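Participant: Each chain, letter by letter, is given below.
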Amino acid sequence: MSDWRNSPPAEDWTIDELMIARLAACFGDGDQACNGMASFVPVSAFWLARLTHAPDLVWLAGAVGLEPRPDRVPASTLEAPLWRDSIMYVEQYGDFWNFALNGRWLTKFCVGAAQLDRYGNGNNSVIGTDYHNPRVRLPGTAGLGDMGSIGKRLYYWNPNHNPRSLVERVDFISCAGYLGGGSERADAGLEGGPELVITNLAVMDFHPETRHMRVASLHPGVTFEQVQEATGFELPAPEGPIPTTEAPTAEQVRLIRDIIDPDNMRRREFGR
Amino acid sequence: MSAEKLATLEDAAALVCDGDTVAILNMATQAAPMALVRELIRQERQDLGVVCLVGGIPVDWLAAAGAMNRLIGAAVSMEQFGLCQRYRKAVEAGAIRVEELSETALNARLGAGARNLPFLPTRGLIGTDLIDVNDNLVMLDDPFGGPSVVACKALVPDVALVHAHKADRFGNIGYEPTALWPDLGIMPKAATTVIVTAEEIVDSEVLRANPDRTVLPGFMVDAVVEAPFGAHPTSFSPRYGYDTAMHLEWIGAARDDEAVAVFLEKYVTGPADHAAYLETVGGAEQMTALRNWEAS
Numbered sequence: 000m001s002d003w004r005n006s007p008p009a010e011d012w013t014i015d016e017l018m019i020a021r022l023a024a025c026f027g028d029g030d031q032a033c034n035g036m037a038s039f040v041p042v043s044a045f046w047l048a049r050l051t052h053a054p055d056l057v058w059l060a061g062a063v064g065l066e067p068r069p070d071r072v073p074a075s076t077l078e079a080p081l082w083r084d085s086i087m088y089v090e091q092y093g094d095f096w097n098f099a100l101n102g103r104w105l106t107k108f109c110v111g112a113a114q115l116d117r118y119g120n121g122n123n124s125v126i127g128t129d130y131h132n133p134r135v136r137l138p139g140t141a142g143l144g145d146m147g148s149i150g151k152r153l154y155y156w157n158p159n160h161n162p163r164s165l166v167e168r169v170d171f172i173s174c175a176g177y178l179g180g181g182s183e184r185a186d187a188g189l190e191g192g193p194e195l196v197i198t199n200l201a202v203m204d205f206h207p208e209t210r211h212m213r214v215a216s217l218h219p220g221v222t223f224e225q226v227q228e229a230t231g232f233e234l235p236a237p238e239g240p241i242p243t244t245e246a247p248t249a250e251q252v253r254l255i256r257d258i259i260d261p262d263n264m265r266r267r268e269f270g271r
Numbered sequence: 000m001s002a003e004k005l006a007t008l009e010d011a012a013a014l015v016c017d018g019d020t021v022a023i024l025n026m027a028t029q030a031a032p033m034a035l036v037r038e039l040i041r042q043e044r045q046d047l048g049v050v051c052l053v054g055g056i057p058v059d060w061l062a063a064a065g066a067m068n069r070l071i072g073a074a075v076s077m078e079q080f081g082l083c084q085r086y087r088k089a090v091e092a093g094a095i096r097v098e099e100l101s102e103t104a105l106n107a108r109l110g111a112g113a114r115n116l117p118f119l120p121t122r123g124l125i126g127t128d129l130i131d132v133n134d135n136l137v138m139l140d141d142p143f144g145g146p147s148v149v150a151c152k153a154l155v156p157d158v159a160l161v162h163a164h165k166a167d168r169f170g171n172i173g174y175e176p177t178a179l180w181p182d183l184g185i186m187p188k189a190a191t192t193v194i195v196t197a198e199e200i201v202d203s204e205v206l207r208a209n210p211d212r213t214v215l216p217g218f219m220v221d222a223v224v225e226a227p228f229g230a231h232p233t234s235f236s237p238r239y240g241y242d243t244a245m246h247l248e249w250i251g252a253a254r255d256d257e258a259v260a261v262f263l264e265k266y267v268t269g270p271a272d273h274a275a276y277l278e279t280v281g282g283a284e285q286m287t288a289l290r291n292w293e294a295s
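Same order as they appear, the protein sequences are chains A and B.
Just so we're aligned: 51 in numbering that gives the first Met the number 0 is position 52 of the first sequence, and the numbers increase by one with no gaps anywhere.
Just so we're aligned: 236 in numbering that gives the first Met the number 0 is position 237 of the second sequence, and the numbers increase by one with no gaps anywhere.
Quick caveat, the hints were computed from the structure, so don't treat them as lab data.
Small disclaimer: the values here were computed from a predicted structure and weren't measured.
Some clues are possibly wrong.
Short derived list, chain A residues pointing at chain B, Cβ under 8 Å [stated by the list, open to error]:
#, residue
1, Val63
2, Pro67
3, Tyr92
Even glycine gets a Cβ: it sits at the ideal position worked out from N, Cα and C.
With the hints as constraints, model all of the structure from the sequences given.
Facilitator: Rendered as structure tokens:
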């Protein structure tokens, strides 16, 4: 176990490391976490949590391999090298969705979406107004269309905070957030919902009544104006000083760079 | 005596008719029955509907060849190699119609198909727009008074294509110790016809030594074909990794119509048979590198 508790803030952290450390803080002992494809930030976060504050965080790599011991973050988060040395292979149809749908387990889920709107609805389906004649065909909802509707607490990560990815209203809802805001999600009979949005500029949460996205903390050196500039809808004006996102510690940075992801796979998600 | 199921790639692919709905067992870069997919393109199959959980390069090749006009699935992506651009272009041009389902909705449609039920419900998708654009999904009141669910209409694919590690000549299918690919548990069981390619055809005694690893019984399998590296360029754990160079070559070619035609001629329609294909993609040297996950 590393001496993470007494580690000072890192001096040379980078934004990927900050996002990983912030997301890691969302997962604790007693949680079960799974990842999908192209999920370098969540995978690194789960791993970092397990090496520091949450050694008993259960990790189901690729929703396939239980408690894996990969050598390092590989080029794919949905291929066998990630679930090396698993203690169990979880069969998708028979096992994984039983665990995920049951409600007792896998209560938190990390979501990456091409579009995310002010009420936390996600879109990975189509860009354009006509589903059957899209301007752009996106990959598809995969598991998000389920995770948004079955009571999970959703943690969005977005390494490229810009007005194209954070929009006033998604072109198409393929992951249910707070729908039209207010009580709409609850009225639809849905529990859980979006908790946080962690981007390369800020951490956002959702107002408990309006369910509108708002800035919860600004990353060091980032202003509210910069975040507003990069966001495709109007953010509620801050009511007072906005907290600064905690920078990762020297030990967290060391673990990410030397142990978890020495090949810098996490950087592939940035700058798109 | 059990019936013999051994077939050639040509004869097995000929079981697929123009217009069929074809379930392809695979994930983004894994375990796709590529030898069969190439053979379907060689035989110029048309108007296919493709069913997949997460379709990767097989979907892109079928789209590039103009062999498919509809897709039923949860996602299409080659993960680290990006979106399937030929598929995407065909959808945007209106040449492929997409029925996008969440994973539980696809499982429910296939599960209902396998069990001869009119539908199965899911709690996924509620609140999304995917229900509104799909006639095969209908909100349904719980007859027992609980929250509403989404009824997912039964889906019975005409054919399922599966790649496996081992098969005997009677069509019993064995998997080696590895993660079971997602819809192996349901997709073939829903389909009317099941075609399996296997890394090797083995004596039944080999399967009898580990009956817990037999994943499909011969009575439901219509044809088995021996096709070593039959999932190439996707991975087939634990035997080999995905072929990074070939995925990169494809995404390079996929940007340009002419380059696509050259690529398909070189790798899909050109090689005389599966053995010739394996030579074209690098032969024994490349296969060794893939076995060692040195080319992934």
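Participant: None of the hints should be skipped; say for each whether it holds.
Facilitator: Verification of the hints:
no., hint, verdict
1, Val63, "holds (5 Å)"
2, Pro67, "violated (11 Å)"
3, Tyr92, "holds (4 Å)"
Figure legend: structure checked against the earlier numbered hints; the only hint not met is number 2.
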